[in-house]
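There are 2 protein chains.
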Amino acid sequence: MKFGINFFPAVAPHEKSGAQFYDEALALCERADALGYSSVKIVEHYFNPYGGYSPDPVTFLAAVSQRTRRIRLITGAVIPAFNHPIKLAGKLAMLDNLSHGRLDVGFARAFLPIEFDAFQVSMDESRARFEEGIAACLRLWTEENVVWQGRFHQFGPVTLLPRVYQQPHPPVWIAAVSTPQSFEWAGWQGYHLMIVPYLSKHEDMQRLLQLYRDAWRAAGHPPGAEQVQMSFHAYICEDGEQARREAREYMDDYLAKFIQAAAGWNTRVSEQYKGYEKTVEQLRAITYERVLADTKAFIGDPDEVAAQVRLIRDYYGEVEPSMQITFGNMPHERALRTLELFAQHVMPRFQEQAVSTPPGRA
Amino acid sequence: MKFGINFFPAVAPHEKSGAQFYDEALALCERADALGYSSVKIVEHYFNPYGGYSPDPVTFLAAVSQRTRRIRLITGAVIPAFNHPIKLAGKLAMLDNLSHGRLDVGFARAFLPIEFDAFQVSMDESRARFEEGIAACLRLWTEENVVWQGRFHQFGPVTLLPRVYQQPHPPVWIAAVSTPQSFEWAGWQGYHLMIVPYLSKHEDMQRLLQLYRDAWRAAGHPPGAEQVQMSFHAYICEDGEQARREAREYMDDYLAKFIQAAAGWNTRVSEQYKGYEKTVEQLRAITYERVLADTKAFIGDPDEVAAQVRLIRDYYGEVEPSMQITFGNMPHERALRTLELFAQHVMPRFQEQAVSTPPGRA
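In order, the protein sequences belong to chains Z and H.
The letter at position 35 of the first sequence is residue 35 when you use this note's numbering, and the numbering goes up by one with no holes.
The letter at position 163 of the second sequence is residue 163 when you use this note's numbering, and the numbering goes up by one with no holes.
Just so you know, the hints here were simulated from the structure itself, not pulled from any lab data.
Hints may contain errors.
[What the hints assert, rightly or not] One-sided excerpt, in silico: chain Z residues whose CB lies under 8 angstroms from chain H:
{"#": "1", "residue": "Y22"}
{"#": "2", "residue": "Y46"}
{"#": "3", "residue": "G52"}
{"#": "4", "residue": "D56"}
{"#": "5", "residue": "V58"}
{"#": "6", "residue": "Q66"}
{"#": "7", "residue": "R67"}
{"#": "8", "residue": "K87"}
{"#": "9", "residue": "N97"}
{"#": "10", "residue": "F119"}
{"#": "11", "residue": "V158"}
{"#": "12", "residue": "T159"}
{"#": "13", "residue": "L161"}
All of these numbers come straight from a predicted model, not from anything done at the bench.
For each residue, glycine too, the CB sits at the ideal point set by N, CA and C.
From just these sequences and the hints, can you work out the full model?
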């Protein structure tokens with residue numbers, strides 16, 4: 001089983017400067033690379049403390065590429081609606097080469113009204129821009145003398161440089177939250193899937209994931225070759241009570257920033273985002289107690305967290321947890337502790353060889 | 001006197017992969033950082049071997065930021081016409097933080113028809129987009145709750161994250177080639193200047209530079225605080241004859257790729273690019289012998305190159321040569337030799353000239 005880490009910055013300038021956030025994040029990446037984590041992921045968001053420290057995930061991952069040797073770099077995700085496909089395909093191709101083929105490209109539609117407004121993009125064009133952007137990137141990566149006649153962009157013949165490192169192109173992932181069409185479409189296309197389970201009931205997410213896997217098979221892609229990354233906040237101490245006590249502050253902080261960023265949904269309805277007008281309401285209903293009770297995060301001592309990981313695997317099958325080990329305005333040492341404890345005490349229990357004989361921990 | 005290095009990739013996929021080019025460039029940056037070079041710069045270009053390996057200079061410089069400790073990182077240049085200002089200001093702010101304030105931002109108008117066509121931007125809007133893009137970035141860097149009502153973009157109120165590291169903002173540089181208006185405007189605004197002398201006669205470039213310095217003073221900016229970077233191809237061997245013999249191939253290669261990229265000018269006229277319709281003709285007139293005879297490049301043994309640097313200083317006053325130590329399809333070892341020999345034998349002769357230039361208003 002693979003385990004990745006996932007940066008969703010949720011800090012404001014008066015809490016942590018950009019320089020401090022990146023310094024700490026890069027140190028965590030370096031250590032994660034050494035400890036055997038599988039991937040490092042970062043979002044694309046703007047303006048708000050919720051994600052705003054990463055308006056360009058490729059810039060951050062280019063820095064990570066020079067601090068790590070083997071870990072995969074994943075955009076989680078880039079937003080075609082806010083990026084010209086030539087620009088997007090070009091910088092991703094640079095990153096694929098800078099990292100010697102360690103790039104995974106996650107694409108998303110975005111969902112915050114303030115971001116669409118700033119880029120003067122209609123939310124009702126969200127899916128069309130997303131699909132066109134991905135298709136254009138794929139052609140720019142795999143073909144020469146590309147002529148593109150899309151709804152939003154027309155260009156060519158042009159040959160993108162540099163050519164991508166991975167052949168035929170870097171793996172493509174789709175970020176999906178709750179729209180069934182997104183799950184089905186991703187499976188049909190043969191793309192991998194990045195999901196965020198803490199916003200949904202496990203039953204609902206299981207159903208959505210099944211839609212994805214069914215579509216994958218129905219389209220004739222090799223069964224079992226699909227990959228799924230699932231985001232979880234993670235906070236571990238040697239003492240489980242301490243972990244639960246300490247993590248509350250950062251989870252509440254993270255959710256409060258999410259609610260602030262999503263406020264635009266209070267006055268917005270979009271056909272392409274059915275139900276999103278209830279986002280703030282849904283977020284307000286998320287309590288820390290329910291996050292713990294429903295295993296929507298990995299919080300506790302190593303034994304408890306290992307049990308939580310097993311539960312998730314039982315629910316969803318073989319997925320790659322993508323763990324937010326820093327969330328809200330968390331001190332670096334606490335994120336580093338989670339990283340170390342998980343690698344030392346939890347990860348070994350999920351290595352192929354260890355499955356038959358789980359090492360008891362005291 | 002300060003000396004920087006300057007990457008203008010001019011290689012095709014069948015010559016060097018992107019991965020090889022970046023590996024070599026990053027190794028040169030790491031060494032340049034240790035040897036006391038002042039800055040590392042890279043272009044923004046697309047599609048052609050001429051510059052095409054750098055469609056996003058910020059991606060490359062983000063990688064450089066983690067391989068170096070003190071050298072300044074300069075976009076040479078980014079193109080507002082091809083980048084949304086929110087995107088551009090955001091990734092540059094990330095780079096400023098990733099590098100702990102080592103970023104210099106060079107902006108340019110771009111000049112290749114194929115690039116404007118691909119982004120569906122009219123060359124006749126070139127100056128307006130350039131000026132609007134710079135102004136929008138400056139406001140996003142220095143103000144909160146920015147409302148932007150421009151000709152090409154409208155947004156706000158938004159507050160860019162992360163906030164820039166350097167206060168009030170990273171130094172701003174303007175790339176200018178031959179349009180007098182560009183030189184005057186840069187001086188008037190109080191921006192630093194990046195120029196490419198090998199396309200012009202020295203007398204013409206001296207005159208243009210004077211326009212810049214005059215405008216700088218007339219606008220009330222502190223005399224002498226303006227900074228000028230000047231691009232030179234550089235190739236050094238212990239034996240001057242060998243240097244001249246070997247460099248010819250790479251200079252011819254570079255110019256041939258430039259001519260290929262500029263071919264779009266054969267069928268284009270733009271009021272905002274007066275005279276550019278003769279670009280290919282002018283490039284064809286550049287011979288290697290004239291480059292040498294007119295000191296349009298630093299080529300020779302260390303003594304000869306030191307004399308060339310002195311001559312340039314006599315022509316233009318205190319400028320920072322920004323040296324292309326790799327051009328065309330040059331083997332890495334040859335670029336590295338130039339870097340080492342220049343640092344060892346040429347740079348020390350100009351150390352007594354070193355002035356600590358205060359960070360510009362820019």
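Each hint tested on the structure:
| no. | hint | result |
| --- | --- | --- |
| 1 | Y22 | holds (5 angstroms) |
| 2 | Y46 | holds (7 angstroms) |
| 3 | G52 | holds (3 angstroms) |
| 4 | D56 | holds (4 angstroms) |
| 5 | V58 | holds (6 angstroms) |
| 6 | Q66 | holds (4 angstroms) |
| 7 | R67 | holds (5 angstroms) |
| 8 | K87 | holds (7 angstroms) |
| 9 | N97 | holds (3 angstroms) |
| 10 | F119 | holds (7 angstroms) |
| 11 | V158 | holds (5 angstroms) |
| 12 | T159 | holds (6 angstroms) |
| 13 | L161 | holds (3 angstroms) |
Consistency with the previously given hints is maintained throughout, with no hint failing.
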